[in-house]
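Enquirer: Order-wise, the sequence lines are chains D and W.
Residues 1 to 261 (my numbering) make up the first sequence, in order.
Residues 262 to 533 (my numbering) make up the second sequence, in order.
No wet-lab data here; the hints were simulated from the structure.
Mixed in with the good hints there might be a few duds.
Unchecked claim - Sample of chain D residues at the chain W side, in silico, Cβ under 7 angstroms:
1. G61
2. E75
3. W91
4. P101
Since the model is a prediction, treat every value here as computed from it, not as a measurement.
Each residue gets a CB set at the ideal place from its N, CA and C atoms; glycine is no exception.
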Amino acid sequence: MLRVEHLRKVYGEGTRRPFEAVADLSVTVAEHEFVSIVGPSGAGKTTLLKCVAGLLPQTSGAVYLDDEEVIGPPEKMALVFQDYSRSLYPWMTVQDNIAFPLRRRKLGKAATRELIQDTLRSVGLGEAGAKYPWQLSGGMQQRVAIARALAYQPEILLMDEPFASVDAQTRADLEDLVLDLRDRYGITILFVTHDIDEAVYLSDRVVVLTPAPTRVAEIVDVPLARPRDQVETKEQPEFAHLRAYVWRSIKRPEHAATASV
Amino acid sequence: MSEAQLRQRAGIRISVRSMLDRTAPAVGIATAVVLFEVVPRSGLVDARFLPPASAMLRSLAGQVADGSIWSPIGQTLQGWALGLGLAMAIALPCGILIGSLYLLFMATRSIVEFLRPVPSVALIPLAVLLFGAGLESKIFLATFAATWPILLQTVYGVRDVDPVAMETARSFGVSAPRRLLRVTLPSALPYIATGVRISSAVALILAVTAELVLGNPGLGQQINIARQSGAVELMYGLIIATGLIGWGLNILMTMLERRLLHWHPSQRTGTR
Ligand SMILES: Nc1ncnc2c1ncn2[C@@H]1O[C@H](COP(=O)(O)OP(=O)(O)OP(=O)(O)O)[C@@H](O)[C@H]1O
Ligand SMILES: [Mg+2]
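Let the hints inform the model, and build the full structure from the sequences given.
Expert: Okay, here's the thing in structure tokens:
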């Protein structure tokens with residue numbers, strides 16, 4: 001279980017122009033849960049993920065993963081960055097990119113190779129292992145980044161707007177892929193997006209953030225049946241209702257001033 | 262015009278283009294040679310100071326034929342190789358260290374900015390004082406001059422590593438030494454390669470300079486001897502030889518760079 005307690009992040013503290021990106025943020029993610037974070041651009045979503053991932057020290061508050069405080073990158077966590085093209089290494093082939101974080105797993109050569117091939121196949125890139133990331137399309141690169149995180153076999157996966165720069169069809173495919181992989185591997189997922197449809201479609205709960213300095217505006221339960229389906233789920237009146245509800249929640253300006261946890 | 266015709270025309274244009282690309286340098290060289298042949302012969306300049314190109318090349322060919330040029334070339338290249346090698350051995354670790362530690366970067370910045378513009382030639386007296394007029398002095402001068410480009414390029418290359426690339430490795434718990442080896446260094450390699458290429462030219466210049474000024478054995482010394490004995494054509498021939506060596510080394514460096522950086526946008530094949 002992941003617990004974020006009263007997280008606060010001020011950039012440039014002690015300088016003449018400190019910037020309070022995250023004011024006070026508390027959220028919990030249960031095991032195997034899919035939680036989405038939505039909020040306007042600049043709301044501090046990436047900041048939140050970096051603090052949760054132990055990459056960025058918070059100003060105050062704390063993050064706990066299974067009751068252990070996160071002070072550095074936890075071993076059972078993987079992060080898919082918003083900027084996948086910069087997060088893949090152009091000097092490594094796709095296979096090597098995926099193998100790079102696996103050293104700690106001590107699997108042995110053959111097992112590693114098999115794991116990589118399996119994961120690549122599961123994202124539909126079984127043939128791309130020997131290529132370089134820059135020889136692939138944007139959507140394919142994004143899938144490589146996802147495959148790398150999956151091969152790492154994390155218990156919890158953080159994803160920062162992973163589908164922001166792919167076309168609608170690829171996006172729908174990738175969404176279903178992530179849901180499928182989550183079921184298959186039993187991963188907990190914390191998913192950042194600014195696409196409300198996507199958040200509702202994927203999640204068990206949607207956390208709506210206010211603009212910076214960020215607080216939680218509202219947490220919306222999504223009781224839609226699983227497995228979900230791009231057509232059937234999205235044509236349910238319940239889906240439309242939830243979507244509209246989240247939409248209004250983001251647009252409501254009074255949340256900027258008041259906190260509701 | 263039909264599409265096929267257009268495409269054909271474009272194809273012709275490209276092949277003409279690539280032919281021009283290939284022949285243009287040859288035409289340039291030929292023009293220069295002809296100019297250097299005609300100008301002295303026409304009496305525009307005194308042929309005693311600028312012999313015709315054919316005479317220069319003939320004397321160079323003579324040296325190649327009787328083998329007397331190889332040993333000075335070897336001596337000059339020895340100075341180049343040791344100078345460049347030592348410079349790399351010093352500048353790479355220092356550059357990585359300075360580039361990785363912000364405080365060290367700030368602390369060393371002004372020292373480096375002060376030392377770097379010191380012309381190595383100004384250190385010749387110091388070199389003689391420290392090492393005498395032998396090979397050590399030549400290597401000292403070449404090393405001193407060749408260290409700066411590599412050092413600076415390494416420092417800035419290491420500092421310029423994409424934070425996202427670094428955070429990715431950190432988030433997966435990759436250890437610091439492995440991050441250095443697999444992320445920082447490859448990402449800084451384009452910078453480092455440029456530094457080494459510049460330093461290679463610099464090391465050659467300083468090796469020849471030391472030979473000219475200090476009388477170390479090598480091409481520089483031979484050039485001086487040719488001048489003193491009035492063998493002007495040979496002097497020019499030897500100067501051309503140093504030029505050719507510099508050119509050859511540059512090609513070598515470029516090839517190495519292409520090899521190591523095949524993944525880099527500047528070297529990727531088939532993207533144009
Ligand atoms: N290193 C930094 N130094 C100073 N301010 C920063 C830094 N990183 C982010 N910020 C600021 O913090 C705020 C939140 O940034 P963050 O990247 O977390 O937003 P985001 O919600 O991820 O936005 P987007 O949806 O556009 O990705 C922004 O106003 C940004 O300008
Ligand atoms: Mg972001």
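Enquirer: Are the hints correct? Go through all of them and say.
Expert: Now the hints, each set against the structure:
For D/G61, the interface hint is violated, the least distance from its beta-carbon to any beta-carbon of chain W being 20 angstroms, above 7 angstroms. For D/E75, the interface hint holds, since its Cβ comes within 7 angstroms of a Cβ in chain W; the closest pair sits about 6 angstroms apart. The beta carbon of D/W91 is positioned within 7 angstroms of a beta carbon in chain W (closest approach about 4 angstroms), and the interface hint is therefore held. Of the supplied interface hints, the one on D/P101 holds, with its beta-carbon coming within about 3 angstroms of a beta-carbon of chain W, less than 7 angstroms.
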